[in-house]
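Its first residue numbered 1, the sequence shown is counted upward by one per residue in the UniProt record's numbering.
Hints listed in this document are in silico derivations from the structure and should not be mistaken for laboratory results.
Glycine included, every Cβ here is placed at the ideal spot set by N, Cα and C.
Errors might be hidden in some of the hints.
Claimed, not checked - Here are the computed lysine to aspartate or glutamate pairs in the DMTMM-like style, where the Cα-Cα straight-line distance is at most 20 Å:
no. : residue 1 : residue 2
1   : Lys82     : Asp139
2   : Lys56     : Asp139
3   : Lys56     : Glu181
Claimed, not checked - Here are the in silico distance ranges between beta carbons for each label pair:
no. : residue 1 : residue 2 : range
4   : Asn12     : Thr164    : 30 to 38 Å
5   : Glu20     : Asp141    : 34 to 42 Å
6   : Gln34     : Thr54     : 38 to 46 Å
7   : Gly13     : Ser150    : 14 to 22 Å
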Amino acid sequence: MTAVLFPVGHYNGIRPGPDEESEPSHVIRIGWKQHRLDDDAFAAWVLSHGLPGTGKGQWTEADVVEQAELAGLSDAPEHLEKLVTDGLVIRIPDDPAPATWFAQTYRMDVMFVGLGNAPDRLDGYGVGIPGIGVAAILDPDCYELWQWGSVARTLWDSCQVRATVTAEPSWRPDPEAALVEILGDLRFLLAHGCAYLDVAG
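Use the sequences and the hints to build the structure in full.
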């Protein structure tokens, strides 16, 4: 089975090392813990988000390795394995149980602010920085997750809400079916830098 990757953590910038001989490191916050990464490990973490051109498609370890090799980073598999071990990247097999565990364990928070409807695409919603520019144009489903996802305690809560809202009156809500859509929307948001994942609770 092909596993997809999702990065966890909020990037907090570059910090100097503990002494003058130490290299600066990239700091990623997860919950109350900070992780320090060197340049190559940080590059692998960034690539685990996906690329804007990915859209809502799946993003796998093979995709990360391919992009890393194009960028001249040859040891991406080793970095990815360490990132997975440290909880900075989640590897989700193509199976409902791990995906549900992931959704029940992690929450999403957002970056940027809403900029309203896109003038050239009225079914799209811009997010970005006022006065600077638009980071991404979101479709209604992505925008709904972006708008309300950080209010939900976990991604699974967002799945339950979407399943309830979209179910026909005679149907039983199906959060697992909604999860497939939510993960696609989440990929789009992560790849465009509009959101990040953190541990719930």
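(request) Can you let me know if the beta-carbon spacing of glutamate 20 and aspartate 141 is within 34 to 42 Å? (result) violated, 50 Å
(message) Assuming the hint says 38 to 46 Å, is it satisfied by the Cβ distance from glutamine 34 to threonine 54 or not?
(response) Check failed, 28 Å falls outside 38 to 46 Å.
(request) Would you mind confirming whether the straight-line C-alpha gap from lysine 82 to aspartate 139 stays at or under 20 Å? (result) Violated, because 34 Å separates the two Cα atoms, which is more than 20 Å.
(message) Against the 20 Å threshold, does the CA-CA distance of lysine 56 and aspartate 139 hold or violate the hint?
(response) Satisfied, since the Cα-Cα distance of roughly 11 Å is no more than 20 Å.
(request) Using the beta carbons of glycine 13 and serine 150, state whether their distance is inside 14 to 22 Å or not. (result) holds, 21 Å
(message) Tell me if the beta carbons of asparagine 12 and threonine 164 are separated by a distance inside 30 to 38 Å.
(response) For threonine 164 against asparagine 12, whose Cβ atoms are near 36 Å apart, the range 30 to 38 Å holds.
(message) Need the status of pair lysine 56, glutamate 181: alpha-carbon distance at most 20 Å?
(response) holds, 9 Å
In summary, the numbered hints that this structure violates are 1, 5 and 6.
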